[in-house]
Amino acid sequence: MKIVTRFAPSPTGVLHIGGARTAIFNWLFARNNGGNFILRIEDTDQARSTKESEKEILESMKWLGLDWDSEPIRQSERTEIYKEYANKLLSEGKAYKCYVTPEQLQEKRKEAQEKGEYFKYKREWAEIGAAPDKPFAIRLATEDAGKVLVQDLIRGNIEFDLKEIDDFVILRADGFPTYNFAVAIDDFDMGISHVIRGDDHLTNTSKQILIYDALDLGKPKFAHVSMILGEDKAKLSKRHGATSVIEYKNDGYLPEAVLNYLVRLGWSFGDQEIFTKDELIEKFNLESIGKSPSIFNPEKFLWVNSWYIKNRPTEEIAEKIMPLLKERGYKTEPDITLLKVIKELRERSETLNEMVEKSSYFFTNDFEYDENAKNKFLTEDMIPIFQKVIEKLTNLENFTHDPIHNAFGKVMDETELKLGKIAQPVRVALTGGTKSPGIFEVIEILGKEKTIERLNKATRLCSR
RNA sequence: GGCCCCAUCGUCUAGCUCGGUUUAGGACGUUGCCCUCUCAAGGCAAAAACACGGGUUCAAAUCCCGUUGGGGCUACCA
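Residue numbers (the numbering used here): 1186 to 1649.
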């Protein structure tokens, strides 16, 4: 059997963390089995669906490296297909027209709730307000007793009692299918072999099975994954901070890190934490997906990202960081200097954005001096020492790490000061603060001209 | 409320399918130490969990039942 999976977002917002993980699981399962991965846009809710949102979801998918086979399919363009199936059910008496308006139903529902009663749609209401020209919805005629069995690859067999299930609407008065109907039809029509989705759809699955049985269609296999929760164990939402893929992209996360972190939320492979994309494709399986919900942990996510910041090729980091540098007005090219800056800063940054923030003094002379650092380290007694450093560095022909180190050694000998006593003030002079890569590395990257210039400026700041 | 799902360190998880090999392993975070020109990175170490109660069994984190807790669904939304 050909493995075909799908990701079916509704274009009513951004691609969020939970949706992204569902997409990743489906994509991985398809790729692992040499199958197809299909993207289906569930835009049957005309009021809430937007093109912009669809575009953004597609962009997020591309950014994550989740490629799909064949063109994305939009449910809004398939209404005729749904109608056909609905009519088939109608003609077979497995579905019927219902003229009760949503408003009338809302009222009945409210009444029942006020009496503390369980609300269930009753078939005899269907004809209320019936007239030849009145709009109607189509409902599936379901049995009153019996069970529906959901066979889940992750959770095993789950039974739902039919007395809990309404004659639910499959085709709305506006001619659009409801979610459950469109999904069932599409999954069949598109030859989906495995439906991997959040367990918030478990009850929907029972309804979809009812549709398949009424139509006598073959069913896909189902795998319901537990949801991703926020730190307070509530469903992940905006108030838990960033929840969309795009936000993480904008915050300086790498797509590999997002992929890696999310796939490990609910799935594992022994003790392994870091996976390349190829490894994931090779190792991913449904059996190792856990049943319990997982809590989204920003700290671990940050750690995964910092791992990729440290380990991705320098050229790749350079390419990604250049637009960010440009935004700040730092003219830069992918030259040796940028590569050196990245080499030093990647050990100290958890995100690309942080790396940019920490790199300003490499690209501009116009950086701020930290007030405390200035007061503590740029003091009058430093003037002769800075002069010695300037003197030794000026004489250097080969302005690289080791000669610079030697130059400092000479200053240490002559002043009888320890390196720390010299390096820290120099650091403040060159970077404006007390935290930076190793001082010899900083000096090498800055080059002779800028280093001397800044030491001179610092000397002036010392004499106040 | 009803129905459904879930339950190992604070968090992600290994182990559970096929009960003994477990003083329950790894990772993030936390704390301490080492390294050290600062900050990091790195190394080493520590604290930290089988929700509870019953069974079954010679033996249970592993199997069964219940309780509790958490989550989801309960629309002519998806």
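One or more of the hints may lead you astray.
Said to hold, decoys possible - Computed cross-link-like contacts, EDC-like style, restricted to lysine to aspartate or glutamate with a CA-CA straight-line distance of at most 16 Å:
hint, residue 1, residue 2
1, 1406, 1359
2, 1332, 1346
3, 1620, 1556
4, 1279, 1328
5, 1307, 1337
6, 1279, 1269
7, 1305, 1292
8, 1595, 1565
9, 1319, 1359
10, 1543, 1555
11, 1528, 1566
12, 1528, 1551
13, 1620, 1504
14, 1305, 1346
15, 1406, 1384
16, 1420, 1384
17, 1525, 1555
18, 1495, 1535
19, 1642, 1504
20, 1642, 1535
21, 1642, 1555
22, 1307, 1277
23, 1332, 1359
24, 1187, 1374
25, 1293, 1329
26, 1468, 1484
27, 1525, 1551
Everything labelled a hint here was simulated from the structure, so no lab data went into it.
Quantities reported herein were computed from a predicted structural model and do not represent experimental measurements.
Now for the hints, and whether the structure bears them out:
1. 1406 / 1359: 31 Å, violated
2. 1332 / 1346: Within the cut-off at roughly 5 Å; holds.
3. 1620 / 1556: Given that 16 Å is the threshold and the Cα spacing comes to 14 Å, the pair holds.
4. 1279 / 1328: 10 Å, holds
5. 1307 / 1337: Violated, because 30 Å separates the two Cα atoms, which is more than 16 Å.
6. 1279 / 1269: Judged against 16 Å, a Cα distance of about 14 Å means the pair holds.
7. 1305 / 1292: 13 Å, holds
8. 1595 / 1565: 21 Å, violated
9. 1319 / 1359: Given that 16 Å is the threshold and the Cα spacing comes to 12 Å, the pair holds.
10. 1543 / 1555: 13 Å, holds
11. 1528 / 1566: 34 Å, violated
12. 1528 / 1551: 23 Å, violated
13. 1620 / 1504: Roughly 25 Å between the alpha carbons, so the hint for residue 1620 and residue 1504 is violated.
14. 1305 / 1346: 14 Å, holds
15. 1406 / 1384: OK: residue 1406 and residue 1384 at ~14 Å, within 16 Å.
16. 1420 / 1384: 12 Å, holds
17. 1525 / 1555: 24 Å, violated
18. 1495 / 1535: The given pair, whose Cα atoms are some 9 Å apart, holds under the 16 Å limit.
19. 1642 / 1504: Between residue 1642 and residue 1504 the Cα gap is close to 33 Å, so the pair fails against 16 Å, i.e. violated.
20. 1642 / 1535: 32 Å, violated
21. 1642 / 1555: 15 Å, holds
22. 1307 / 1277: This hinted pair is violated, its Cα atoms lying about 20 Å apart.
23. 1332 / 1359: Violated. Residue 1332 to residue 1359 sits at ~31 Å, over the 16 Å cutoff.
24. 1187 / 1374: Distance of about 14 Å is within 16 Å: holds.
25. 1293 / 1329: Judged against 16 Å, a Cα distance of about 20 Å means the pair is violated.
26. 1468 / 1484: Distance ~25 Å between residue 1468 and residue 1484 Cα, so the pair is violated.
27. 1525 / 1551: Violated, at about 21 Å.
When the structure is compared with the earlier hints, violations turn up for hints 1, 5, 8, 11, 12, 13, 17, 19, 20, 22, 23, 25, 26 and 27 and for no others.
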